[in-house]
Amino acid sequence: AAGVIQSPRHLIKEKRETATLKCYPIPRHDTVYWYQQGPGQDPQFLISFYEKMQSDKGSIPDRFSAQQFSDYHSELNMSSLELGDSALYFCASSLAGGGSYNEQFFGPGTRLTVL
Amino acid sequence: QKEVEQNSGPLSVPEGAIASLNCTYSDRGSQSFFWYRQYSGKSPELIMFIYSNGDKEDGRFTAQLNKASQYVSLLIRDSQPSDSATYLCAVNNQGGKLIFGQGTELSVKP
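Protein chains in written order, with our numbering: chain Z, 1 to 115; chain A, 1 to 110.
Just so you know, the hints here were simulated from the structure itself, not pulled from any lab data.
Just so you know, even glycine gets a beta-carbon here, dropped at the ideal spot from N, CA and C.
Take every hint as true, because none was put in to throw you off.
Part of the chain A face toward chain Z, derived, beta carbon under 10 Å:
1. K2
2. Q31
3. S32
4. F34
5. Q38
6. G41
7. K42
8. S43
9. E45
10. L46
11. N92
12. G96
13. L98
14. F100
15. Q102
16. G103
So that you can see chain Z by itself, here it is in the shape it has in the complex (with noise of 0.2 Å):
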């Protein structure tokens, strides 16, 4: 069964530099979530969408925005890197609206380095 996509898998980047990380989500699904993990940490949820429109924001900095685009597909854009924002950023996705009963899978992450 076809799963959830990021790209790129790994990425260094030096500080205060841009990033984008990209996520296509189960085919038919309609919502994407994205969650940040810091080194021995849990998944922090970032933010969603559902149908293209942002559904919910999570502890997301200023200095990051996401979209969501015709084909679902999402992309998360990152500015003014700093040291902290090392993590694996994992993308989800889920069918009709990401409601309390819809189970969420995740894709394989993407490493982000800042230097």
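Since the structure of chain Z is provided, determine the placement of chain A on it from the hints.
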């Protein structure tokens, strides 16, 4: 206090034994509960979900939910070394976002 609490472990069990993982949550309005398995450096993999009080079984895994006690558990029967991983409990209150516990590290010894 975190919204979702788990014992961080490590929990060590011998091969073939039952591993019991526990999770408590603070929001009584929580509606759905998920167990994910995560190997080091990999993404969370959905194992079980449960919405109603009681038990739900899927193969070697059983999820248990007690909303009155705000308690969720995961039992793994006939534990195998390949089950060694971090198990994340996640709660979905409303709107879809998952709130995770800090995870329990499970080690199954051959």
